[in-house]
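Chains as they are written, first to last, in our numbering: chain A, 1 to 352; chain B, 1 to 292.
Because the hints were derived from the structure by calculation, they are not lab data.
Be a bit skeptical, because a hint or two may be false.
[Claimed, not checked] 30 Å max Cα-Cα, derived BS3-like pairs, lysine-lysine:
1. K115(B) with K15(A)
2. K352(A) with K264(A)
3. K115(B) with K94(A)
4. K104(A) with K94(A)
5. K264(A) with K337(A)
6. K94(A) with K112(A)
7. K115(B) with K73(A)
8. K352(A) with K208(A)
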Amino acid sequence: MATVALKDLVKTFDKTEVLHGINLEIEDGEFVVFVGPSGCGKSTTLRMLAGLEEVTSGEIHIGDMMVNHLEPKERNIAMVFQNYAIYPHMSVRKNIGFGLRTAKMSKQDKEKRIDEVAEILSMSELLDRRPSQLSGGQRQRVAIGRAMVRDPQVFLFDEPLSNLDAQLRTQMRLEIKKLHQRVGTTIIFVTHDQVEAMTLADRIVIMKDGYIQQVGTPTEVYQNPANLFVAQFIGAPSMNMLEGRLTNEGIVLDAGFTIPVRPKVAPQGMTIGIRPSELTPAKEGEAALMEGSVSVVEPLGSETLIYVDVGSTEIVATVPGRTLPELGSRVRLNTPKEEIHFFDTKTGQALK
Amino acid sequence: MSMTEIKPSSATLEKQRSASYSNINPGKIIRWTLLFMGGVVMVMPIVYMLSTSLKWPHEIYNLSIIPDEPTLENYIFVLEDGRFYKWFVNSLIIATATTVSAVLFDSMVGYTLCKFSFRGRMFVFIAILSTLMIPTEMLVIPWYIMARDFGWLNSYWGIMFPGMMTAFGTFLMKQFFESVPDDFLEAARIDGLNEFQIWWSVAMPLVTPALSALAIFVFLGNWTAFIWPLIVTNSPDLYTLPVGLTTFSVEQSVQWELIMTGAALATIPTLIVFLVFQRYIIRGVVMAGLKG
Ligand SMILES: Nc1ncnc2c1ncn2[C@@H]1O[C@H](COP(=O)(O)OP(=O)(O)OP(=O)(O)O)[C@@H](O)[C@H]1O
Ligand SMILES: [Mg+2]
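Next comes chain A alone, as it looks inside the complex (with noise of 0.2 Å):
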């Protein structure tokens, strides 16, 4: 186990500069997601950290140690790929023992450390198949398996469920949160979906064109997200997003209502963000933040979407289940104040 520092990492690829100074801190044991949309960096940034990559300018450090240099061995870390790289070739134990080959250790310890984690992964019985015989969760925790082994001080994952389908998805997302629960190694875990990422991390870091947008625990970004990009990436459906002008009476936004608050530090123009969640119908005789026409509706079974046409633009409202509103029909939905947030429309920046 290990803390892991990134200091002002930089990645050029030819010529594109594509992570411009990464900066972050993770703690011993501690679980860190790395999420944002593709093309972002994510891969790039767990790459240099197994030393597959070369770093162009700033520092990585493993515990103590200054790894810039190392190779990829010498750095005492372990990597699951998102398509497996488990080796057709060999049974399921020569799959997980590999990583043991180089190391400094008699026969029956490394056969004993085999077993000890197939036991923990509950495959002992799997052992002598080959990688054709298994599906595709069996595959995957083979490859979790031979990360395992070694017992490194950090586990880089990189988008190692996206191969699985949806119910495999959530199996194995909770059976790593169990792994890490019991073993306490630290993890970095690359994923481009935002459940994964709210569901599995001790703190969340988001990126986006080579830059980290925010860093902070699940709870945290979800509820005071720093910038017009995470709060409309975090959370399903994404915030509600309507742009508007201060003026004396509140915000009177584009969509042709007035928000009758105003945050402390307010530029002209700005968004507000209100999460399709905090929309309720507003009870009879109340007066309501908004009305408009329903457009479509989408159950989901414990849940309704609703999307509402507000003066031009379209918003989303999460109704509980049974209330299934006719398409066309008028709504009036409330919000309570402290659920909204407000960002600066030319920096993006979340306000206060």
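Starting from the known structure of chain A, fit chain B with the ligands onto it as the hints suggest.
Frame of chain A; chain B with the ligands shown alone:
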């Protein structure tokens, strides 16, 4: 179990049979006829080889396939003649050594060209490829001069050296290594293997089908090679089978029945090589699946 076993009634069988007859259509007939003709063209020389090897000398210009008086005399003669063994062993040593060497070095170079990026990689690759455009007939003179100057004439090494690495094999292996995902190699790198170990114990097992195909090609190519072994050797002790077999013809007359007998015996190792390696080709294709 046997009680519940269901046997198709003769009526259903009848129906199936007539159904399969009705499946015959002109397109199918043409296809099968063409394939059949192709097959005959391929097989005829082999049939003639076998049939000639079973004939007496006076009968060989009689083109019937079935010999009037079949005989094994030719086989007995060839097998009792010590030269045949000598040539057979020469061919075996040369073809095996070149196959091992070519498979090893072609895949090593192919792997390097495929998985490492270095300055001049494209240049090296094109240089190797361009040698494919030069026919053997053009190369034998420079090879000969080289072999003469190095003192390699009349030696195994002299026969083998041009085939120890092949441009075609390098190209083939490079293309096959493209299909090996980098993740495999990177995983091994993280697990602490050095580059040579990664090539040998991770990348090579993943391309066994290609290795088998290459082994078959190289072995057959060297087993049947004629011009170069003929040029580089002049001592009958060093002849390979194809070269040696022609000496059955030089004395008074061409002894076709003996040549054909030698050729028939010479196909045996190639059949064995093919049967052995072909299994790996099929198995390799079966286990190629990576994920899901
Ligand atoms: N070997 C490379 N050569 C050149 N550019 C590269 C290379 N690898 C990555 N890039 C570029 O670096 C950027 C970041 O890539 P990276 O693979 O880190 O994205 P990612 O966040 O992992 O995306 P995804 O979610 O699609 O995996 C991309 O713009 C990509 O085109
Ligand atoms: Mg990636």
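- Tell me, in ascending order, the numbers of any earlier hints that this structure violates. Violated hints: none; all satisfied.
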